[in-house]
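Participant: Chain by chain, the residues:
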Amino acid sequence: EAQVTQNPRYLITVTGKKLTVTCSQNMNHEYMSWYRQDPGLGLRQIYYSMNVEVTDKGDVPEGYKVSRKEKRNFPLILESPSPNQTSLYFCASSLMSSYNSPLHFGNGTRLTVT
Amino acid sequence: QKEVEQNSGPLSVPEGAIASLNCTYSDRGSQSFFWYRQYSGKSPELIMFIYSNGDKEDGRFTAQLNKASQYVSLLIRDSQPSDSATYLCAVTGGYQKVTFGTGTKLQVIP
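One line per chain: the protein sequences are A and G, in this order. So the number in the numbering used here is just where the residue sits in the first sequence, counting from 1, plus 43. So the number in the numbering used here is just where the residue sits in the second sequence, counting from 1, plus 22.
Be aware that a few hints might be false.
What the hints assert, rightly or not - As a list, the in silico DSSO-like pairs of lysine-lysine whose alpha-carbon atoms are at most 30 Å apart:
no., chain 1, residue 1, chain 2, residue 2
1, G, LYS64, A, LYS61
2, G, LYS64, A, LYS100
3, A, LYS112, A, LYS61
4, A, LYS61, A, LYS114
Don't read these hints as lab results, they were simulated from the structure.
The whole structure should be built from the sequences, with the hints applied where relevant.
Facilitator: Set out below in structure tokens:
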């Protein structure tokens, strides 16, 4: 089954404790992206990647890191989480070959930083 | 000015009626336009996309695009309670950057 898999689904952590949210897709998509979703603010892009070893900042990159060492994986790293990073996070992927390629989303990770 | 604007709603329509959801965008170079449906606590799922001016129909859904007015809409005919969700408008521009609106919450009243 074609899918984007995120883990974990729920994560509660404390300020400053490094964490990684994993994302993997099995559709051979070149494009992968991370979003956070907050009430009233919608989906905001954190980082995106157009291919292996190619990453770039989205609209809200501060406090986050990413890497793209393999085509299928795009982990999101919070080196020193803070309470303002409490949010619902989505990983998504799509083909690069066409502007009409829709995004395929993972099931989301609800992160709480205390 | 937000890049992609939607009325947050809620938009309430009776069961069986037509729901009309609207979206405006600011980048005239935008290439493609998507509508996603998102149930509470779930991930967005694609309903349909459109990239040419005019109407595109898929079952009970019709997307309408007017590039001159920078306006895209989604019509849902014969609305059902299961259509109650938040509808996200997404616009693709250069380098396939996708910008989302904040979404319109639709409530279909039985």
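Participant: Work down the list of hints and note, for each, if the structure agrees.
Facilitator: Results of checking the hints against the structure:
Annotation: proposed proximity of G/LYS64 to A/LYS61 holds, straight-line Cα distance about 26 Å (limit 30 Å). At most 30 Å may separate the alpha-carbon atoms for a hinted pair to count; G/LYS64 and A/LYS100 meet this at roughly 25 Å. Of the pairs offered as hints, the one joining A/LYS112 and A/LYS61 holds, with about 20 Å between alpha carbons and a cut-off of 30 Å not exceeded. Of the supplied pair hints, the one linking A/LYS61 and A/LYS114 holds, its CA atoms being roughly 24 Å apart against a limit of 30 Å.
Going down the numbered hints, you'll see the structure goes against none, and every one checks out.
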